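> The primary structure of each chain is shown beneath.
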Amino acid sequence: MLPARARPVSVVLVVALLGALIAVPVGQLARTAFASGWSGAMAAAGSRQAVLALEHTALVSVLVTAFAVICGGALALVVERRPRRSRTLLRLAVISPLLIPEFVLGFSWSQAYGPSGTLDRAAGITVPGLLGPTGVVLVLTVHAIPLAYLVIAAGLATRAEPDLELAARASGANGRTVLRTVTLPLLRPALTAAAALVFVTSTNSFAVPQVLGEPAGFATMSTLIFNDLNLSASPDVFNQLAVVALEQTALVLAAILVFGLILRRTATESVRGPTTVGERAAVAAGGHVASRITTALVGLYVLIATVVPLLVLIGVALTRGPGLAPTPANWTTSNFADAFSGPTWVGLWHSLVLAALAAVIVIVMCLPTVLGTGGRARTTLGAGVLLGYAVPGSALAVGILIAYGSPLEGSAMIILIAYLAKLWAVGHRPLSAGVDRLVPEHAMAARASGAGPLTALGSVVLPPLRVALLTGAGLVFVLAVQEVTMSGILYGPGSETFAAVILNQQDLGSDGATAALALTMTVPLLFIGLLLVAGRRRLRSPEAVA
Amino acid sequence: MPEIRVQNLRKSFGASTVLDGIGFTVRDKEFVTLLGPSGCGKTTTLMSIAGFQTPDEGVIAVGGDVFVDRAAGVDLPAERRDLGIVFQSYAVWPHMTVAQNVAFPLSLRKVDKRTARGRVAEVLELVELGAHADRYPHQLSGGQQQRVALARAIAPSPRVLLLDEPFSNLDAKLRERARDRLKQLQLSLGLTTVFVTHDQDEALAMSDRILVMNGGRILRDGTPEEVYREPGARFVAEFLGQCNFVTGSIETGPGGGAVLRTRDFPDGIAIRADGVSASGAATVAVRPHDIELCGPDGNGAEGTVVESVFLGDHYRYTVAVGGARLEVHAARPVAPGPVRVRIPPHSAVLVD
Numbered sequence: 001m002l003p004a005r006a007r008p009v010s011v012v013l014v015v016a017l018l019g020a021l022i023a024v025p026v027g028q029l030a031r032t033a034f035a036s037g038w039s040g041a042m043a044a045a046g047s048r049q050a051v052l053a054l055e056h057t058a059l060v061s062v063l064v065t066a067f068a069v070i071c072g073g074a075l076a077l078v079v080e081r082r083p084r085r086s087r088t089l090l091r092l093a094v095i096s097p098l099l100i101p102e103f104v105l106g107f108s109w110s111q112a113y114g115p116s117g118t119l120d121r122a123a124g125i126t127v128p129g130l131l132g133p134t135g136v137v138l139v140l141t142v143h144a145i146p147l148a149y150l151v152i153a154a155g156l157a158t159r160a161e162p163d164l165e166l167a168a169r170a171s172g173a174n175g176r177t178v179l180r181t182v183t184l185p186l187l188r189p190a191l192t193a194a195a196a197l198v199f200v201t202s203t204n205s206f207a208v209p210q211v212l213g214e215p216a217g218f219a220t221m222s223t224l225i226f227n228d229l230n231l232s233a234s235p236d237v238f239n240q241l242a243v244v245a246l247e248q249t250a251l252v253l254a255a256i257l258v259f260g261l262i263l264r265r266t267a268t269e270s271v272r273g274p275t276t277v278g279e280r281a282a283v284a285a286g287g288h289v290a291s292r293i294t295t296a297l298v299g300l301y302v303l304i305a306t307v308v309p310l311l312v313l314i315g316v317a318l319t320r321g322p323g324l325a326p327t328p329a330n331w332t333t334s335n336f337a338d339a340f341s342g343p344t345w346v347g348l349w350h351s352l353v354l355a356a357l358a359a360v361i362v363i364v365m366c367l368p369t370v371l372g373t374g375g376r377a378r379t380t381l382g383a384g385v386l387l388g389y390a391v392p393g394s395a396l397a398v399g400i401l402i403a404y405g406s407p408l409e410g411s412a413m414i415i416l417i418a419y420l421a422k423l424w425a426v427g428h429r430p431l432s433a434g435v436d437r438l439v440p441e442h443a444m445a446a447r448a449s450g451a452g453p454l455t456a457l458g459s460v461v462l463p464p465l466r467v468a469l470l471t472g473a474g475l476v477f478v479l480a481v482q483e484v485t486m487s488g489i490l491y492g493p494g495s496e497t498f499a500a501v502i503l504n505q506q507d508l509g510s511d512g513a514t515a516a517l518a519l520t521m522t523v524p525l526l527f528i529g530l531l532l533v534a535g536r537r538r539l540r541s542p543e544a545v546a
Numbered sequence: 001m002p003e004i005r006v007q008n009l010r011k012s013f014g015a016s017t018v019l020d021g022i023g024f025t026v027r028d029k030e031f032v033t034l035l036g037p038s039g040c041g042k043t044t045t046l047m048s049i050a051g052f053q054t055p056d057e058g059v060i061a062v063g064g065d066v067f068v069d070r071a072a073g074v075d076l077p078a079e080r081r082d083l084g085i086v087f088q089s090y091a092v093w094p095h096m097t098v099a100q101n102v103a104f105p106l107s108l109r110k111v112d113k114r115t116a117r118g119r120v121a122e123v124l125e126l127v128e129l130g131a132h133a134d135r136y137p138h139q140l141s142g143g144q145q146q147r148v149a150l151a152r153a154i155a156p157s158p159r160v161l162l163l164d165e166p167f168s169n170l171d172a173k174l175r176e177r178a179r180d181r182l183k184q185l186q187l188s189l190g191l192t193t194v195f196v197t198h199d200q201d202e203a204l205a206m207s208d209r210i211l212v213m214n215g216g217r218i219l220r221d222g223t224p225e226e227v228y229r230e231p232g233a234r235f236v237a238e239f240l241g242q243c244n245f246v247t248g249s250i251e252t253g254p255g256g257g258a259v260l261r262t263r264d265f266p267d268g269i270a271i272r273a274d275g276v277s278a279s280g281a282a283t284v285a286v287r288p289h290d291i292e293l294c295g296p297d298g299n300g301a302e303g304t305v306v307e308s309v310f311l312g313d314h315y316r317y318t319v320a321v322g323g324a325r326l327e328v329h330a331a332r333p334v335a336p337g338p339v340r341v342r343i344p345p346h347s348a349v350l351v352d
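Keeping their order, the protein sequence lines are chains A and B. Position 217 (the first sequence) corresponds to 217 in the UniProt record's numbering; numbering is contiguous. Position 63 (the second sequence) corresponds to 63 in the UniProt record's numbering; numbering is contiguous.
Just to be clear, a hint being listed does not mean it is correct.
[Claimed, not checked] Here are some chain B residues pointing at chain A (derived, C-beta under 10 Å): (1) 47; (2) 78; (3) 94; (4) 105.
[Stated by the list, open to error] Pairwise CB distance ranges, derived in the manner of DEER restraints: (5) 215/B to 174/A: 31 to 41 Å; (6) 128/B to 15/A: 45 to 55 Å; (7) 292/A to 215/B: 49 to 59 Å.
Simulated from the structure, these hints should not be mistaken for lab results. None of the values given here were measured: they were computed from a predicted structure. Quick reminder that beta carbons are idealized off the backbone N, C-alpha and C, glycines included.
Input sequences plus hints: build the corresponding full structure.
So, in structure tokens, the structure goes:
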């Protein structure tokens, strides 16, 4: 889109940014890990703590991936094959856990279903093992199901056209055979991509293991790094941490490699036949009875997964003291007053400013990649940007601390650098998709109508990208505000973020104040999340028309 | 014998009625076309026969088997109807080779592997895709994919072949060849076929019988000639080829036949119809190629050529006659200006 002579400049710029934000921190991490040589690193990796953390992380990630892909896939098949009318609300219901910050989801589950949680006191109901590996897997699965769902639903829309299933039915296949021989084989690439995304996300996850695993002494690699870093500042411990962080990075990258190879093997080119009437999608789903049952099941799932925990969160935030029933007689606003004493306002201010800065800078950083490069350069650089997102937040934070800590340690600046490194990919994806959808003829038609290159850019090229720009910036903002892994590691006195304040509040054991803060964070994010979902729909609409 | 019987199909989506009492019979080996504009209910009818849509009321039976009988609560699942269907999108499975696509319905019918392999080869030869058996769909052209879909549909020798606008995504030249090939195949295999299209040329060229549909009803049912020559309804006349309409009043002519009296045609227009007993206001339809133009000194109504277009094998004229404008197709050129317009006896038919 930019003139050809701008391309080399763009490429150099993007490579330099990738180097500074990702390669240097990961390189410094490796240097520190191997500071006392190969044997030292091996010894650190072989320590009981490190081995356990690796085992726990791998176990959690494998289980969460399996459960989330199965559930997300089943939900996608059930919900996406329904008539358009009844689909929108169900979709929103299914992706609702994703709109809640991971930390808040974990905390509200523990308040709702944990021992001496609201339901335990009211009706003796608890989820056995919620504090510990079971709970970590369960809540991470709830959080990951929407991720898997979105990827698989996109695959259903682009690869498994309803006609392909109807053709199999007409050939004599019953519902189960159609699923086995047509739908699932067609979805294999989407299922693989979903598995990769969920695996990486749960390997990198920090908040849920910290809230639900840590109290039971169940440590993953992310929580081990975070807690050891807080406990001790000795260089030995630091080197060991670097080894674990490097291992975690390697685990994620290895997983990406494996999934990538599977993806390459399973990807059969899809035939882009002419699309047919959407109503037929409904036909494949089967009778109305079945759809009523699925509506009920999806409703029940959302009730358990998000609605009850959020209601409990509200109850805890508004109730006078722990153990009291959330009835009007016990209502109070003192939790909010407590919560907003101390550095809370400052943290909130830091978070908003950091998130806004990150959103703007990330979008600017995305422009040279998506507009200033083309062809293979763009694909390669894009892959580099996306890989940056895969590097675990805890590892990235430690790497950035080593690389840029000496002048910047404890400052808000170093948190901003971490956000830019981690969230670049989040802005890149919608923007790159938006640019892919641009029709070159639009600019040509504008030029032929008499518009100069800049007028053409401003009048027909950029306006269609507006939604993509807003979506990218919005996603970066939302994720930056709730980011807790990196800011928790990197903040110093006077530069704490809101999420770090909440984490500390929870660590101190003040449930009411934690709930109040969690609620303060969730409600606006939920609102922005809904706006972004609506924006995504608008982003897709030009395709639907074409 | 696989005769298709459709009785009184009704279907509504909310307030809109899609099928409003559809009923017809397709005889064994017959090629019947459902022709109509989009939204007329033709695809819904086809999908009801296939089992992908359930009518609110009505009966569908093939041979002795009742597929749908709403009153009796019968609705056989699609996979147990033993039909072949070709979709507008072809719906060729992208993860299977051509041969695997065609073999799939055979394997579901538990045909043993060797017989199936032979049958696949045989059917692929029929659609001239023998050399492409091991290709994947994305390696084929649109026309080839369409033939894979056809081969897959006929491989298990289904009782009935259903075709949902199978040519609409082919370019014009290819479309004609595909049409001829399919018609030949249908004749030689003796396939009982229901074909859905909005293209009048396809309908006229291929069908034994055409059912013209609009607004969820069948307006006309007959052979291509019957439907074209005696459309019966104004909508049918307009939908099948171009047509002029002249309004006037009916009288009994000198020879005893019916004549339409109108100001613009002083001699009246003789109506082709046996025993037209109606009188009073009426409309007749006249095809553009039935109207004759001659020099201003001949007989007939006075008219003026206001526009002429050369179309290769004929000329298209717009002729003003009184207040009306007629479209006339003629093989030979006519000079612009005043002409005489003659509607030969019995080329005009009465329409509703």
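> Quick one: which hint numbers does this structure break? Sort them smallest to largest.
7
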